[in-house]
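Sequential numbering from 5 applies to the sequence shown in this note's numbering.
The reader is advised that the hints may include incorrect statements.
To be verified - Label-pair ranges, simulated between beta-carbon atoms:
{"hint": "1", "residue 1": "Glu86", "residue 2": "Lys52", "range": "33 to 43 Å"}
{"hint": "2", "residue 1": "Arg160", "residue 2": "Arg231", "range": "19 to 29 Å"}
{"hint": "3", "residue 1": "Lys180", "residue 2": "Arg231", "range": "17 to 27 Å"}
{"hint": "4", "residue 1": "Ala123", "residue 2": "Arg231", "range": "38 to 48 Å"}
{"hint": "5", "residue 1": "Leu219", "residue 2": "Thr268", "range": "38 to 48 Å"}
{"hint": "6", "residue 1": "Arg231", "residue 2": "Tyr129", "range": "32 to 42 Å"}
{"hint": "7", "residue 1": "Asn236", "residue 2": "Glu32", "range": "35 to 45 Å"}
Since the hints were made in silico from the structure, they are not lab data. Backbone N, C-alpha and C fix where the C-beta goes; we use that ideal spot for every residue, glycine too.
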Amino acid sequence: MELVVTDLQASRNFYVDVLDLVVTEEDEETVYLRSFEEFIHHNLVLRKGPVAAVAAFSYRVRSPEDLDRAVAFYEELGCRVERRAEGFTKGIGDSVRVEDPLGFPYEFFHDVEHVERLAWRYDLYTPGALVRLDHFNQVTPDVPRAVAYMEDLGFRVTEDIQDEEGTTYAAWMRRKSTVHDTAMTGGDGPRMHHVAFATHEKHNIIAICDKLGALRLSDRIERGPGRHGVSNAFYLYLRDPDGHRVEIYTQDYYTGDPDNPVVTWDVHDNQR
5 MELVVTDLQA SRNFYVDVLD LVVTEEDEET VYLRSFEEFI HHNLVLRKGP VAAVAAFSYR
65 VRSPEDLDRA VAFYEELGCR VERRAEGFTK GIGDSVRVED PLGFPYEFFH DVEHVERLAW
125 RYDLYTPGAL VRLDHFNQVT PDVPRAVAYM EDLGFRVTED IQDEEGTTYA AWMRRKSTVH
185 DTAMTGGDGP RMHHVAFATH EKHNIIAICD KLGALRLSDR IERGPGRHGV SNAFYLYLRD
245 PDGHRVEIYT QDYYTGDPDN PVVTWDVHDN QR
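My request is simple: use the sequences and hints to build the entire structure.
Now the structure itself:
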């Protein structure tokens, strides 16, 4: 995820000093961050700019040839496509950025710079350690259209919310074997609902709440900690200094079986 932030130092303080993400590299305009189990250069970019926004929802593809396929796919759809052999950010090679049919800025890349994976550096772990970037959640006014488009990219629905007429209000979609890599939520858009980082255990989320309270930053907590019905995960919603919503997320379930059933929730069922 690449975020545009209006006060780079304030955002750095939040993501590094409060959430304990690791700085891989930084300069006066940009901070490159990663979580503890990441071995590529970064999974979050903070870039200074005049208006808070998402610059890119980024996905790594499985081969360099997939970038050629991405260009062909989006050009056929008539989307704006830009490709840079040197990449759009440090630590990332040949990359394709598009404005997708829903109006979101997407990036695809394969070649990356490897850095030290800190999974074994328990001397650096904190009680609320974030271990990976887990998923995005996107808001769009036409969820069925968004689902069909994401299925064309190879995503599969794991859970959705429908009414008795079969109207879909939101859908959770995956490529890896978790509940979702992104969700499409109905509403005014295109915009980001949240970016989510995973912890190993529920107690890591409680520790983050304790830290926010001790630092007199509990007003950063928007909702939770609590339990989602959809995904069955334990969660916490935070707001960063620009209002970007960040979810801390843990303990959803495995979805890698080929016959993994889709869970459909009734829009009137509050347990969802």
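Honestly, which of those hints from before does the structure not fit?
1, 4, 6
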